[in-house]
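Undergrad: Keeping their order, the protein sequence lines are chains U, X and L.
Following my numbering, the numbering of the first sequence begins with 1 at its first residue and continues without gaps.
Following my numbering, the numbering of the second sequence begins with 1 at its first residue and continues without gaps.
Following my numbering, the numbering of the third sequence begins with 1 at its first residue and continues without gaps.
Heads up, some of the hints might be wrong.
[Claimed, not checked] Quick look at which bits of chain L chain X covers, simulated, 3 or more residues with Cβ under 8 Å:
| # | stretch |
| --- | --- |
| 1 | 63-76 |
| 2 | 82-88 |
| 3 | 91-101 |
| 4 | 105-118 |
| 5 | 272-281 |
Read the hints as simulated data drawn from the structure, not as lab findings.
Bear in mind the structure is a predicted one, so any value in this text is a computation, not a measurement.
Ideal Cβ positions, reconstructed from N, Cα and C, are used throughout, including at glycine.
Below are the chains, spelled out letter by letter.
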Amino acid sequence: MNDNAKIIETVPEFLAHAVALEDESAERYEMLADAMEVHHNDEVAELFRKLMQYSEDHAQEVQTLASDMTLPNIAPWDYNWNCPGSPENCDCFNDALDYQMTPYQALNLAIHNETRGRDFYAWVSRESPDPEVRRLAGEMASEEQEHVDLLQAMIANTDLSREAPLEDLDPPNTPDG
Amino acid sequence: MDTTLTDNMSPARAIAITGSGGSGAVTAGQIMLSAVAKAGFYGLMTRSAGPQIRGGESAAMLRYGAQPVACMGDVFDILVGLDWKNIDRFIDEIPLDANSLILTDPETGPAPESLQPSGAKILEIPFKEYAGPVEGGRINMAAIGAAGAIAGLPLDALEAAVDDVLGDKGEPVVSSSRACIRAAWADTRAMTTMTLPAPAARDRWNISGNEASGLGAMRGGVRLVAAYPITPASEMLEWLAPRLKQAGGALLQAEDELASVNMIIGASFGGVPSLTATSGPGLSLMAEGLGLAVASETPVVVANVMRGGPSTGIPTKSEQSDLNLALYGFHGDAPHLVLAALDIRDCAFTTQWAVRLAEHLQTVAIVLTDQSLGQSRAVVDPPASFDGDYARITTGTPGDAYQRYAITADGVSPMAIPGTPDGMYTGDGLEHTPAGIPSSLNRDHAQQSEKRLRKLQDFDYGEHWAVQRGHGPACLLTWGSASGAVFEAAERLTAAGRPTRVVALRLLAPLRVDALREALAGAESVLVVEQNQSGQCFHYLRSHDVLPPHARFFGHAGPLALRPGEIIAELDEVN
Amino acid sequence: MPTAIATEAAPAPRAKDYKSGIKPVWCPGCGHFGALSAVTKALAYLQLRREEVAMISGIGCSSRLPAYIDSYGFHGVHGRALAVASGLKAARPDLTVLVAGGDGDGFSIGGNHFLHACRRNMDMTYIVMDNEVYGMTKGQASPTTAPEWDRSKLTPYGTGVPSFRPTEIALAAGASFIARGFSGDPSGLTKLLVEAIEHRGFSFVHVLSPCPTFRPEQKEWKQKVHPCRMDTTSNAAEAARLIQGDDGRATGLLYVEDLPVWQPRNEGQADMAKIEAEFRV
Chain U
1 MNDNAKIIET
11 VPEFLAHAVA
21 LEDESAERYE
31 MLADAMEVHH
41 NDEVAELFRK
51 LMQYSEDHAQ
61 EVQTLASDMT
71 LPNIAPWDYN
81 WNCPGSPENC
91 DCFNDALDYQ
101 MTPYQALNLA
111 IHNETRGRDF
121 YAWVSRESPD
131 PEVRRLAGEM
141 ASEEQEHVDL
151 LQAMIANTDL
161 SREAPLEDLD
171 PPNTPDG
Chain X
1 MDTTLTDNMS
11 PARAIAITGS
21 GGSGAVTAGQ
31 IMLSAVAKAG
41 FYGLMTRSAG
51 PQIRGGESAA
61 MLRYGAQPVA
71 CMGDVFDILV
81 GLDWKNIDRF
91 IDEIPLDANS
101 LILTDPETGP
111 APESLQPSGA
121 KILEIPFKEY
131 AGPVEGGRIN
141 MAAIGAAGAI
151 AGLPLDALEA
161 AVDDVLGDKG
171 EPVVSSSRAC
181 IRAAWADTRA
191 MTTMTLPAPA
201 ARDRWNISGN
211 EASGLGAMRG
221 GVRLVAAYPI
231 TPASEMLEWL
241 APRLKQAGGA
251 LLQAEDELAS
261 VNMIIGASFG
271 GVPSLTATSG
281 PGLSLMAEGL
291 GLAVASETPV
301 VVANVMRGGP
311 STGIPTKSEQ
321 SDLNLALYGF
331 HGDAPHLVLA
341 ALDIRDCAFT
351 TQWAVRLAEH
361 LQTVAIVLTD
371 QSLGQSRAVV
381 DPPASFDGDY
391 ARITTGTPGD
401 AYQRYAITAD
411 GVSPMAIPGT
421 PDGMYTGDGL
431 EHTPAGIPSS
441 LNRDHAQQSE
451 KRLRKLQDFD
461 YGEHWAVQRG
471 HGPACLLTWG
481 SASGAVFEAA
491 ERLTAAGRPT
501 RVVALRLLAP
511 LRVDALREAL
521 AGAESVLVVE
531 QNQSGQCFHY
541 LRSHDVLPPH
551 ARFFGHAGPL
561 ALRPGEIIAE
571 LDEVN
Chain L
1 MPTAIATEAA
11 PAPRAKDYKS
21 GIKPVWCPGC
31 GHFGALSAVT
41 KALAYLQLRR
51 EEVAMISGIG
61 CSSRLPAYID
71 SYGFHGVHGR
81 ALAVASGLKA
91 ARPDLTVLVA
101 GGDGDGFSIG
111 GNHFLHACRR
121 NMDMTYIVMD
131 NEVYGMTKGQ
141 ASPTTAPEWD
151 RSKLTPYGTG
161 VPSFRPTEIA
171 LAAGASFIAR
181 GFSGDPSGLT
191 KLLVEAIEHR
201 GFSFVHVLSP
211 CPTFRPEQKE
221 WKQKVHPCRM
231 DTTSNAAEAA
241 RLIQGDDGRA
251 TGLLYVEDLP
261 VWQPRNEGQA
271 DMAKIEAEFR
281 V
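The shape of chain U in the complex, shown without the other chains (with noise of 0.2 Å):
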């Protein structure tokens, strides 16, 4: 918890961070996608562009939310996150990451992510002084909380007797130098 966060006290405040939430997010799955897919890890590499692509989507659906208002100009270290660095957005020290991680890893990775998104969502819905954010958080956070039902469905169909990889057994290369 980031206890210095000031609560979001206005409709275009909390959209223009509902943007930049799920923009982050989107960016951040697509490096995952892209990497995976430079590594030859196809199946997570699609899970990571679909996550994106929920992502984008989200924002996309707030952008239409907002589009009869004028969004504050927020700079991107003076967001309001209850948490350090905007929520969904993946750290890039999660244990699992890696060039062989399955499809249940990631799903857990993206698990994590998505109720940090709800999390934020759920403490705007219940401490911002606006009844309309708090109204708008509220709807957001349910939505997070589908998409955390969906990826623990998805994480039920996966075949979770697929242990962690084999250890690679070759050894590094030197592209460049």
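Once you have looked at the hints, place chains X and L on chain U.
TA: Leaving out everything else, chains X and L in the frame of chain U:
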């Protein structure tokens, strides 16, 4: 005493002045060169010195005549000793014979024994007596007057030369110097009846090789130089620094040669023609950076003023021993341009040509000169300018999908200059696709290396690749500063009824194989002459299969210059 | 000053517009992804024209960055990025020049150029992504690696040599802007980059950027990194105390001062006739 100087076979006269500890031998040389110029002649002045930064022994050597002078000849007509301290350092560089005259002040002691075997005649002149009565009078000025008189130089030329060289030292220095010259000249004039050829009276310049190189660079459009000081290139940088600034450019003093070469790559990438100047040790350091310029197709020029090698070698002496480094010094297959100036005047033309070629062909041009050109001054015809329209091919506003390294008919790909919209690309030393994306694929390496080779090989360099003079069954083949002695040897031989042709190479790489074969066609003997130990150019030409089987190498490493007489002697020995 | 771009017709570019579209080859989990993200966000925030930005790099994983940004770029040889950038800026002061590289490229082979670039204080931004290892060549110790790290085959007993201290050396060498960021905090890093680019002078941004492949233990940096406990200072002596007492994991703008910037003025035209007249006899 009959001190009439007889005219040698050579129409030029040569004077050497030595001295030490502040006696001003070099200044005397500069004044005499200026006097020679004002009297309407051409001339060449070189210097030699001990290791002390100031006050050591030094010598100035000057040769002049009615025609351009490109080497020091075989023998000096006059040797002036301001004093004789450590003259032995210069004995080998100042050959004398029985016709030579040694001017010496009896007060400084007898001329050394080491000069006796030459058979040169001693002429005692009391320099100190002429200088004494003059307030601020200097011995070297008296020597100038005496030597000038014996050499037949007019007094007004000598006096004007003092103003030219010492003008900024103030009126007292100028007038006291002139007074010494006048006093010595008047007395000595009566002692000899030397004839001088009629002067040239054409427009001439007084310029050093390093200055000429700098001029050529600026004429070629260079506006950014990044460099690290090194003997004997530093004067080029000193000349360029203020002039580049006035021209809207700049000279960056870099922290080392590794920085220099990479800085000029950066500036050139930014669209500005750029150059650095160095010598052998610096060129060695730059090898990796120059390979980057070749691979990324970024135009840059390196002016390499060669000195005695290997390693630290002899920084103050000349040699032509960096050719191997210039030709072969980059790892990988890295075709690039290597040029060499033939004489001081040619430093301007060759450098300018090199800049234009590098810009137009987007490659590295190494211009080889050497200490004997760089740090010597000459009175020459105004240097020719290269007039070709060789622009850097840029993109204008590129369309979609601009490809920096696109394969084209002539191998040169239009280059987007930063600031141009839609031209963004990343230049790379890694092998790359036409779009500039790093690639390890065979197809890309084959395409790109072929392009980099073809753009140079297929280009029409025109007539400037070499200077050819004369005809005849005997052929002398040379490059760089050795050309001076070679041309003179060929002239003497031809005048003596042994027609000799000369091919002096200016463009060493890529080698114009067909043109060179044609130039050598019908030669019964080919002697490759250069100033290095192993015949670097000779072996290079051999490897391209352009030399007839009987071709031979003649030369030696520095510090002594090649002389016409020794080239002729070599030919005599063989025949 | 770089020219901003939003017009009526063309909406302001967003961070993703500064990406070239080429997929990075970095290992999943590489810290440099965060740095790349922060660079694009900083460029977007500043609304710089892509064609007026040039990113110069050397050799190493982080030196791959220019290819992933839609700007002019130059991927040079190992250790010489600052020299290329200095030549470029001298010739083209109108461009925004960014330099990227790693701890080996910048502090080992590039060490000499680092010193002189700080000293010259030309207006450019130097981003060093420090993962305390040579990732590209399979995991050797770098100058910033702790002396006791013994996992490299080249130094199986550890280097035994105390680490290079980049921020201290930058200060001593005359840099006018010294900051440390963390690629795991792209927003914070974005702010530092914006300030670095806007600062007139040599801006050194030391970015802690973990290597998951050769230094997996660097995951713990997330816990170790902390905001700098003191305010930014422009007093060099204070900065020295601050930086020397630093544990190497403090983030923020440590030191900034307006110092003289070295930049040739590039005005004037060559008067060749006048130059040539000097030689006339």
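Undergrad: Work down the list of hints and note, for each, if the structure agrees.
TA: Status of each hint after checking the structure:
1. 63-76: holds (count 9)
2. 82-88: holds (count 6)
3. 91-101: Result for this restraint: holds, n = 4.
4. 105-118: holds (count 4)
5. 272-281: Holds: 6 residues of the stretch 272-281 of chain L have a Cβ under 8 Å from chain X.
The structure is consistent with each of the numbered hints, conforming to all of them.
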